[in-house]
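Take the sequences, apply the hints, and build the full model.
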Amino acid sequence: MTASLTLVIVMAVLYATGVYLLLERSLTRVLLGFLLVANATSLLLLIMAGPDGLAPVLDNGTEISQIADPLPQVFVLTAIVITFGVSAFLMALIYRSWRLSKADEVIDDAEDLAIAQRDANVEAELLDPDHQDQEVDHLDELSAAHDLAETGEEEKQ
Amino acid sequence: MTALVPLVVILPLLGAAGALIAGRHTRLQRLVTVAALVAVLAVSVALLIEVDRQGALVMTVGGWEPPFGISLVVDRLSALMLIISAIVLLAVLVFSVGQGMADGDDETPVSIYHPTYMVLAAGVFNAFIAGDLFNLYVGFEILLVASYVLITLGGTGARIRAGVTYIIVSLVSSVLFLAAIALIYGALGTVNIAHISLRMQDLPSDIQLILHVMLLIAFGIKAAVFPLSFWLPDSYPTAPAPVTAVFAGLLTKVGVYAIIRTETILFADSDINEALMVVSLLTMVVGILGAVAQADIKRLLSFTLVSHIGYMIFGIAMGTVAGVGATIFYIVHHITVQTTLFLAAGLVERQGGSTSINRLGGLLRSAPVIAVLFFIPALNLGGIPPFSGFIGKLALFRAGAETPDVLIWVVIAGGTLTSLLTLYALARVWNMAFWRQESEVETYQSSLLDQLSEAPGPAQQQESRNSPALMTWSTAGMVAVTVSLTIFAGPLYGVSARAGENLGNPRTYTSLVFPNVVDESQIDVSEGSGQP
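Residue numbers (the numbering used here), protein chains in the order written: chain A, 95 to 251; chain B, 1008 to 1539.
Please note that the accuracy of each hint is not assured.
A partial selection of chain A residues facing chain B, derived with a Cβ cut-off under 8 angstroms [to be verified]:
1) 124
2) 138
3) 183
4) 185
5) 194
A short list of chain B residues far from chain A (calculated; beta carbon distances all over 10 angstroms) [stated by the list, open to error]:
6) 1065
7) 1148
8) 1192
9) 1208
10) 1247
11) 1373
12) 1445
13) 1491
14) 1495
Derived by calculation from the structure, the hints in this document are not laboratory data.
The model shown is predicted, which means the values in this text are computed figures rather than measured ones.
Note that the Cβ used here is the ideal one computed from N, Cα and C, for glycine as well.
This is the structure in structure tokens:
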């Protein structure tokens, strides 16, 4: 099977950037990441179609070996339509999330927070955005403690 | 009879269109959707009777012969899944109609809920009859997009948060599935399941393994198999009660169904059964440990749902005819009983105003009917004889015991432990919510309740609302179905075992789609042979 190197490279870059964006916290970036990954998959389908060729229309005189494989193109069209619908829905979801919380982020899971609190024994200030200053202070304390521990270990060594 | 096959997808889609056209005429909408599902149920019954007599029905859409056209295949497994999902969808629809009549449109706004629900049904049915991988993908997408709408219904903060997790995880699994289809097409030049099965043995085993694992990961996310199950207990409980019930019953099982097809027909030669065996053990044990730690009934049930997926994976991982047959029986049992429990939890929420066992009490006295409706499926899920849960687990363990293998015995031990812990978690719900006096709730002290985690978010104590008769009756109907699975366990097990035998040899399946073809090279793919 022959495949265009350009298409393969473009697909790889789209997958890499798409996965990176999917792992972001901001929902808009997640949407962009999804679009990139979906397009990369469409490219993968096209690559799997094999060498390019004439339009797959059989009229008089067209050799069957000259035309491109039409089936993956149909798959890609279906995938594009599905991606289109899903991304429209995602945008509505992101807008709704922004209206509710005024933040374009994956909202914190209250249970995750509770577990984090139990582990680090951090007080409610992390939950409360009004205590930003204290939170910063607290992070400073944490990093200071961390530094202390590190230096302690170095001394031991 | 093959003309009946596409009806199971067309009727729900027509129902969805009818419900949209009916617009604000609420009663007409309800009539249209219920009628469409009743019709599908009738068609599925006819299909099962016919398929059980003659083996299978294959419909080539538009008369284009496979491998060119789309083929719709109904074998015993498909027919059984169609019939049980039609029953569950119908019961939950009646439940939500009852809820809508009582509460108005807040929880399930009719104008959106009914059309989306019918589209979800069409997607589920389409996935069950798909004869090629891309059609299966389309079926998955139809049901997933409908489920995105249903899980965020109303757009409250909690649902948006849960919905975002659910939707992004589902999207990733869809993209993986599509990429796997692309690679399979690149390697084999076909997406027809029977044709893939014929050509697969020519591939080198390492490429087979890559394709196999990619498909399994995509389906594993949908089926909530252990390392990929994290999203489920987080997202299902926040949806409206009927939506959670139908998701819990059907959506994960569509994934399990796809895994069965993958293991038995697509990759019958490629063998990763030991890995699946370990995964099934972890799914069971980790899932049920999550359930034991929950105070919220809906979250507890979501964890038991994950845990019991492990039993089905166990049956598939055995790779024997008896194992697959027992798995099919277990799927039928689990779809009905899990849906029933979620419906009963919906009734408990209305009656007690909460789903936390820390705040519920005295339900046995105040609502004896709900108590019975919860108690029977709870015992059933826990695997108490003579209920179908016991029969299903026994069948699985017996099928496993046929193969003398240490790993299988470890999984059987894990399965027994899981069954006991399920019973423990559900018995605790019974003790606290139903047996305990309502006056005791405030001052109740018990070491059983110390370490339980509540549902995230602020605790909401709602007013106690009466359940309309329609909701109680639909739940009672589902309880009757679960009990009848015990009464008719013999015939049902017979059909499941025959369905397992159908899947025992992939050639049985391929000869349905390609009659008169023994060898792959006999399939003519040259010019013009696919003309209708």
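(request) Compute the least Cβ-Cβ separation between residue 1373 of chain B and chain A, then decide whether it is above 10 angstroms. (result) The assertion about residue 1373 of chain B holds, with a minimum of 30 angstroms to chain A.
(request) Verify the interface restraint on residue 185 of chain A: the C-beta must sit less than 8 angstroms from at least one C-beta of chain B. (result) violated (12 angstroms)
(message) Please check whether residue 194 of chain A passes as an interface residue: C-beta within 8 angstroms of a C-beta belonging to chain B.
(response) With a closest approach of 5 angstroms, the residue 194 of chain A hint holds.
(request) Decide, holds or violated, for the assertion that all CB atoms of chain A are farther than 10 angstroms from the CB of residue 1247 of chain B. (result) holds (17 angstroms)
(request) Please settle this one: residue 1148 of chain B was flagged as non-interface, so is its CB more than 10 angstroms from every CB on chain A? (result) Per Cβ check, residue 1148 of chain B is inside 10 angstroms of chain A; nearest 5 angstroms; violated.
(message) Quick check on the hint: residue 138 of chain A CB to chain B CB, less than 8 angstroms?
(response) Holds, about 5 angstroms.
(request) Go through the hint on residue 183 of chain A and say holds or violated, using the shortest Cβ distance to chain B against 8 angstroms. (result) Since the shortest Cβ distance to chain B is 6 angstroms, the answer is holds.
(message) For residue 1065 of chain B, is the shortest CB-to-CB distance to chain A above 10 angstroms, so the non-interface label stands?
(response) Given that every Cβ of chain A is farther than 10 angstroms from that of residue 1065 of chain B, nearest at about 20 angstroms, it holds.
(request) Determine whether the non-interface label on residue 1208 of chain B survives the test: each CB of chain A must be over 10 angstroms from its CB. (result) For residue 1208 of chain B, whose nearest Cβ neighbour in chain A is about 19 angstroms away, the distance exceeds 10 angstroms, so it holds.
(message) At 10 angstroms, judged by beta carbons, does residue 1495 of chain B keep clear of chain A as stated?
(response) It holds; residue 1495 of chain B is separated from chain A by about 40 angstroms at its closest Cβ, greater than 10 angstroms.
(request) For the hint on residue 124 of chain A, just tell me whether its beta-carbon gets within less than 8 angstroms of chain B. (result) holds (6 angstroms)
(message) Please verify that the nearest CB of chain A lies beyond 10 angstroms from residue 1491 of chain B's CB.
(response) Check passes; 38 angstroms lies beyond 10 angstroms.
Of the numbered hints given earlier, the model fails hints 4, 7, 8; all others are met.
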